[in-house]
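J.: Here's the letter readout for the chains.
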Amino acid sequence: MIASNDRLKWPLSMVLVTIILVPVMAGLSEILLAAMGFIPALGQYSLSFDAWHQLIQMPGLGTSLRLTLVTGFGATAISLVMALVASCWLYDGLRGRWLRAAIVPILAAPHAAMAIGLAFLIAPSGWLARLFSPWLTGWHLPPDLAIVNDLAGLSLILGLVVKEVPFLLLVCLAALSRLSVAEHLKVAKSLGYQGADAWFKLVVPALYPLIRLPVFVVLVYSLSNVDMALILAPSTPPTLAVATMRWFYDADIQRLLPASAAAITLLVVMVLSVLVWEACVSMLGMLNRHSTQQGLRGTSWLLLQRLLVPTMLSLCLLGLLSLLVLIVWSLTWQWPYPNALPTVWSLRHWSQLLGDVLPASLAIALLTSCLASIMSIAWLQLQENAAQQGRFEWSKLTLWLIYVPLLVPQIAFLYGLKVSFLRVGINGGMGAVIWAHVLFVFPYVMLMLQGPWQAFDQRYVHVAASLSKPPWQQLWQVKIPLLLRPILLAWAVGIAVSISQYLATIMIGAGRIDTLTTEAISLASGADRRLTGMFGLLQLLIPLLAFVMAMLLPRMMYGHINQRAAP
Amino acid sequence: MSLQLQQLTITSRQAQPLFASLDLVVEPGEIACVMGPSGVGKSTLLDAIGGHLNGYFGLQGKVLLNGIDVTNLAPDRRHIGLLLQDPCLFPHMSVADNLAFALPALNHDRQHEHKHEKGFARLREKQRRKNLRREQVVQALDHAGLAGFEKRAPLSLSGGQQSRVALMRALLAQPKALLLDEPFAKLDPAMSHDLRQFVMSQVEQQGIPVILVSHNLEDAKAVNGKVINLQS
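Heads up: the protein sequence lines correspond to chains A and B, in order. Position in the first sequence (first residue = 1) + 930 = this note's numbering. Position in the second sequence (first residue = 1) + 18 = this note's numbering.
Possibly wrong hints are sitting among the right ones.
One side of the interface only, derived from the structure: several residues of chain B facing chain A at Cβ under 8 Å [stated by the list, open to error]: (1) Asp94; (2) Phe167; (3) Ala191.
The hints are simulated quantities; they were obtained by calculation from the structure and are not laboratory data. Bear in mind that the values here come from a model prediction, so they are computed numbers and not experimental data. For each residue, glycine too, the CB sits at the ideal point set by N, CA and C.
Generate coordinates for the entire structure from the input sequences, incorporating the hints supplied.
T.: The structure is reproduced here in structure tokens:
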């Protein structure tokens, strides 16, 4: 259809490959070389397995690995089940419309802000303990309990679940709009299947392939995240990702060897985990098919739903309370235990903000997200053109490549990327940080925009073409205005992702570029909850503002014509 | 002006032709009617003529417009109008904007001509053209019996009204041929009859070749041109 753009295809894909794939590959190969003993910085140029020997001798390696697997798999499985149950609850009978609005702050909140808020909420000295003390618990001092940083990693699982359930729920709802769910449910019910029963037997098998990629992203993030684990996971020993980061930054430069080996280990763990996950899913699918063929009609799914929906709602409440406690702490001057609320309020910390942290964060987020949005639109349009001309293979293959940065553990290639950058003379500048952010922002924006873009009704474009409008007008005057809402939402997600970047900022920025997230995380280990709360809150406010803008702007622009202006 | 199909065949990805190869000449002012069972590829045929065919299908043969081969031309360069079963009015534009969108842009040559004019004169010329465009839109709406609907939202109009706006939109682009893809199918019988009369009269005034796809015998009876039965 939009044929004249076709000659742009190769240059553009080259640019995208250079921007996205080359950094990942360069970073990975750098780390791989280091793990194999080639570290010029240490004067080592020969193949050796020293790195691996040292890694195996690291104390607590087994515990780290176990902690990583338990939290990663646990959080992903719980989040997915919760999201599926919740989407059924929302979809079947149009209940809980308010929930969609309620999860927006949790979606917008960076992982670190959520972790900080949760820690402030559930810690022995946290808000929950204060609310129920001393009248119920009898505590006049915070009890000596390891609730946060517990050895089993339960608080990390909780934090991940609270953050990922809304994300997966959003992804499910977006994917569901591409299936004809309502009709299928109606038919299934007329055949005597209960709603939740039909949901898991009919809808979920059709839904899962559409959300496979986001589920992988959640799995990889849960297994390899550093920002949440630094705040919520135990520290002796920490998760494998945190341990790897510590070794990379150890004062003893020899630790680079086990660090590189650990990074590669994490990568292998990731690949195996994805395979194991898929094996489990296809096994469950087989069981499901079996029970479908038997024609069994049961109420066990209904029971699960009755059980899990309240759990899910309380998790969302927990998430919202965690964000609320950030607001309270950022306005606190004195808050002696066990008062339920601060005794002295103050705005004094906010004056400490007059540094360059806020402008730097804003500039990086805005630039990155706008860049990523433009790249996504260009990419999707070209992909569509290719498909229009019958070259489906090109579009399918390249689409997976975009998501590589999300499917590789950050820690496994960012340190290597930093070394590669140094090698070509890029030394921790703003540009390098923006580039590193784009690696992660672009795939997320694509993830958000891809569904609505592909679901777009092509007849509008055909009509525009039949009115002799050239391709750029078809895109600019018809397609983009009609897709403005999803485009802006994807842009807002981009802002949220950029604001939340921790490793990409400190590693590529060489510690010289401070953002709200790096400040919040470095403060989180300190004692000043007021300052931490303020940075955590700001981390949340900027993406939230972006989301509000994304929702209001289309209404302001096209509201006078029609409420349904932007589908 | 005539629209001519020469040995036109459409094949699916498995290289299976959808229907026997088609030869057809539609004269100016003639409305040819393409009939056939559902799924035979009537809409796909219109997609091929208009240039909207997607890569799943292959196309053999030629589409000639006034003797010029347009088979490999991009759809926006063919000047072949399109009216679908759904009116597909752009929901983000008012009714008037939908029509103004269709009007050809200002002629570049004429802009060049007036380049020497400066300041006020140029502004006045610009205003004159703007008024001219607005007038054309008002006239078109008047024509469609929808005077005063300029600022309305497309989705606030009834189905028949939307279809009439869609037809005016297609005609304002000054197409050299027009393709109608069951534009009356979704309307109730009375409305469908009215709209059919309206479309016929408009098309006759324009004197352009038209292909109408339908599975309604009444449509075939009403048109003045050839009737083709597509068979798979």
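J.: State for each hint whether it applies.
T.: Here's how the hints hold up against the structure:
{"no.": "1", "hint": "Asp94", "result": "5 Å, holds"}
{"no.": "2", "hint": "Phe167", "result": "13 Å, violated"}
{"no.": "3", "hint": "Ala191", "result": "4 Å, holds"}
Going down the numbered hints, you'll see the structure goes against just number 2.
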